[in-house]
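**Student:** If you're matching them up, the sequences are chains A and B in order. If you use the working numbering, the first sequence corresponds to residues 1 to 274, in order. If you use the working numbering, the second sequence corresponds to residues 1 to 306, in order.
For the record, the hints were derived by calculation from the structure and aren't laboratory data. Glycine included, every Cβ here is placed at the ideal spot set by N, Cα and C. There's no promise every hint is true.
If the Cβ cut is set under 10 Å, some of the chain B residues that face chain A in the computed set are [said to hold, decoys possible]: (1) Leu30; (2) Leu54; (3) Ala57; (4) Thr60; (5) Gly63; (6) Val125; (7) Ala127; (8) Pro141; (9) Val145; (10) Leu237; (11) Ile242; (12) Phe268; (13) Phe270; (14) Ala276; (15) Leu298.
Distance windows between CB atoms, simulated [as the list claims (entries may be wrong)]: (16) Leu64/B with Arg182/A: 54 to 60 Å; (17) Leu218/B with Ser164/A: 37 to 43 Å; (18) Gly100/B with Pro190/A: 47 to 53 Å; (19) Glu197/B with Pro138/A: 37 to 43 Å; (20) Lys58/B with Ser45/A: 31 to 37 Å; (21) Leu297/B with Ala129/A: 46 to 52 Å; (22) Leu297/B with Phe161/A: 49 to 55 Å; (23) Ser45/A with Asn53/B: 31 to 37 Å; (24) Leu163/A with Leu297/B: 23 to 29 Å; (25) Pro37/A with Pro169/B: 31 to 37 Å; (26) Arg182/A with Glu197/B: 50 to 56 Å; (27) Ala129/A with Ala72/B: 54 to 60 Å; (28) Phe295/B with Thr268/A: 15 to 21 Å.
Below, each chain spelled out in residue letters.
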Amino acid sequence: MSARRGAWLARGVLLLAVAAVLAPMLYQIGLSLKPAPEVFGSALSPLSWPPVLDNYRSVLEKLPFGRYLFNTLVFALGVTLGQLVLAIPAAYAFSAYRFRGQGFLFGLVLVSLMIPFVVTYLPNYLLLARLGLLNTLPGLILPMLAGGYGIFLLRQHFKSFPLSILEAAQVDGASTWQILWRVLVPANLPAISALAVYLLINAWNQFVWPLLVANRPEVYVLTVAVQRFAGGEGVNDWGAMMAAATLATLPTLLLYLAVRKAILETFTEGAVKG
Amino acid sequence: MAPATRSSPARPKGQPLTGLTPYLYLAPALLALGLFIYYPLLNTVYISFHEWNLVSAKRTWVGLENYRTLLASPDFRGILLQSGLYVLLALVGNFLLPVGLALLTLQVGEREGEVYQSLLFAPTVVAVSVGSLVWLWFYLPAGGVFNGLLAQLGLPPQPWLSSSAMALPAVSLVAAWKYLGFHYLIALAGLRAIPREYLEAARVDGASGLALLRRVVLPLFGPSALFLFLSTVIQSLEYAFIPIEVLTQGGPFGSTSNLMYAVWQEAFKFFRAGLASAQAVVMIALFAGFILWQFRLLERRVGYER
């Protein structure tokens with residue numbers, strides 16, 4: 001087989017895969033823009049012309065989207081910032097020092113990435129219940145702060161930072177705390193922001209934990225709200241359901257379009273956890 | 001966190017440090033891991049020796065009774081079997097398929113490859129709970145897209161989600177869709193890491209096509225492929241979890257449940273905390289070998305050397 005024909009064959013298969021992967025997203029958006037009679041009238045064609053915004057209007061009337069958006073933002077930003085604040089000093093310790101128990105402690109960080117969530121949810125739920133934090137945003141955020149991913153990823157970056165610069169700062173009389181926040185963090189800002197975007201998307205898309213501990217409408221995050229709508233008020237109203245789904249998906253998709261490269265890199269670097 | 005370490009200067013890398021400094025920097029993160037991952041893990045083991053309905057103040061110590069109940073239960077054997085099926089299907093959809101696509105991508109230019117990468121990755125940033133909803137529509141018995149397509153071909157409609165035989169693969173397909181691009185990204189990164197010179201040298205030696213693939217690409221790609229394989233096995237039940245919750249809730253007749261989903265149901269739908277915890281322990285035990293293997297690879301990759 002010639003190299004040229006091989007390339008065309010590969011291209012064909014890849015395009016087919018792209019079409020298959022994007023089809024559900026296309027149908028989701030298409031359905032959300034269809035007028036009600038068209039939903040079953042032309043099921044196979046993803047789009048009908050002209051698109052209408054009726055479904056969006058009805059969803060926004062029925063659901064307090066602003067509230068859900070606010071909850072989701074507080075939750076996702078809280079988890080992201082909290083994880084960063086915990087991970088940055090820890091990654092610094094693992095990368096710049098050598099100390100007793102280092103291997104074991106880093107092992108704990110790595111293994112934590114592979115422990116399935118259902119194993120920890122029941123005790124965490126009980127703990128929150130005891131603290132009276134069920135159905136509160138802090139309760140939603142707290143257990144999500146335990147994450148080894150940021151430590152793992154940032155340690156790699158901190159380790160590749162030139163030692164001579166750290167030493168120069170030290171000679172200038174900077175404390176370790178100052179070296180961390182004034183030298184290491186600014187120098188690694190691209191990696192830290194990329195990690196922040198990753199953590200944000202991950203938290204934004206969380207479903208099972210919020211479903212478990214935030215099941216009152218006042219504390220719904222978007223994923224849970226959309227699911228409740230799909231199983232309740234919006235059941236069988238496919239257009240409205242897809243409009244709600246599209247609204248909930250839009251922020252992460254836009255973020256992806258905006259900083260695609262950084263997201264792809266972060267996902268590649270720490271390919272431990274999805 | 002207080003800058004409690006002003007007095008001790010940063011040591012050059014490689015010098016052992018006996019002071020408290022590194023531990024102070026680690027403390028908050030490790031506290032969170034301990035409190036919300038490792039303590040619950042131990043607690044789960046402890047709860048598994050009890051009979052407890054989650055709400056009553058009374059927990060009855062039953063020793064290994066929950067484990068005995070599980071081993072004797074035909075339902076549990078079904079769940080084990082179904083978990084195995086999920087792992088196998090994940091290996092097809094989230095290991096073989098993405099690796100195959102990544103290998104094909106080597107045939108086209110790097111810029112073109114980046115386009116496929118960006119597009120295939122898109123579902124990864126979509127919440128799987130939200131993204132699964134449109135699949136409900138695809139699988140509708142009447143009016144759904146799949147049965148619409150079958151009708152066009154003159155074939156009878158299929159009970160995608162309401163048949164015990166078809167529902168599990170149908171749910172797996174959603175997981176494959178969601179995580180295909182992510183695994184493709186990792187596979188492609190592994191393949192792209194193979195030094196160009198090796199490929200060129202082999203080409204100069206007259207290797208091409210399949211020979212090049214077998215003698216150069218696959219041996220060098222082996223370690224990252226193994227890593228991806230283990231990731232797929234370890235994550236497979238979790239990948240299916242939300243699609244199960246959205247599409248079937250484990251049904252019909254428990255035919256789409258897996259170990260992970262069963263833990264969730266036992267705990268939070270049937271309130272049998274002891275049984276749920278025993279299931280969780282069995283699950284961890286079954287996957288422990290893979291987790292340990294993956295841990296070893298990861299440990300070697302990051303290394304502790306300075």
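**Student:** Next step is simple, just say for each hint if it's right about the structure.
**Tutor:** Each hint, compared with the structure:
| no. | hint | result |
| --- | --- | --- |
| 1 | Leu30 | 7 Å, holds |
| 2 | Leu54 | 8 Å, holds |
| 3 | Ala57 | 12 Å, violated |
| 4 | Thr60 | 17 Å, violated |
| 5 | Gly63 | 20 Å, violated |
| 6 | Val125 | 4 Å, holds |
| 7 | Ala127 | 4 Å, holds |
| 8 | Pro141 | 12 Å, violated |
| 9 | Val145 | 6 Å, holds |
| 10 | Leu237 | 7 Å, holds |
| 11 | Ile242 | 6 Å, holds |
| 12 | Phe268 | 7 Å, holds |
| 13 | Phe270 | 12 Å, violated |
| 14 | Ala276 | 6 Å, holds |
| 15 | Leu298 | 5 Å, holds |
| 16 | Leu64/B with Arg182/A: 54 to 60 Å | 56 Å, holds |
| 17 | Leu218/B with Ser164/A: 37 to 43 Å | 41 Å, holds |
| 18 | Gly100/B with Pro190/A: 47 to 53 Å | 33 Å, violated |
| 19 | Glu197/B with Pro138/A: 37 to 43 Å | 55 Å, violated |
| 20 | Lys58/B with Ser45/A: 31 to 37 Å | 60 Å, violated |
| 21 | Leu297/B with Ala129/A: 46 to 52 Å | 38 Å, violated |
| 22 | Leu297/B with Phe161/A: 49 to 55 Å | 25 Å, violated |
| 23 | Ser45/A with Asn53/B: 31 to 37 Å | 51 Å, violated |
| 24 | Leu163/A with Leu297/B: 23 to 29 Å | 27 Å, holds |
| 25 | Pro37/A with Pro169/B: 31 to 37 Å | 33 Å, holds |
| 26 | Arg182/A with Glu197/B: 50 to 56 Å | 41 Å, violated |
| 27 | Ala129/A with Ala72/B: 54 to 60 Å | 32 Å, violated |
| 28 | Phe295/B with Thr268/A: 15 to 21 Å | 20 Å, holds |
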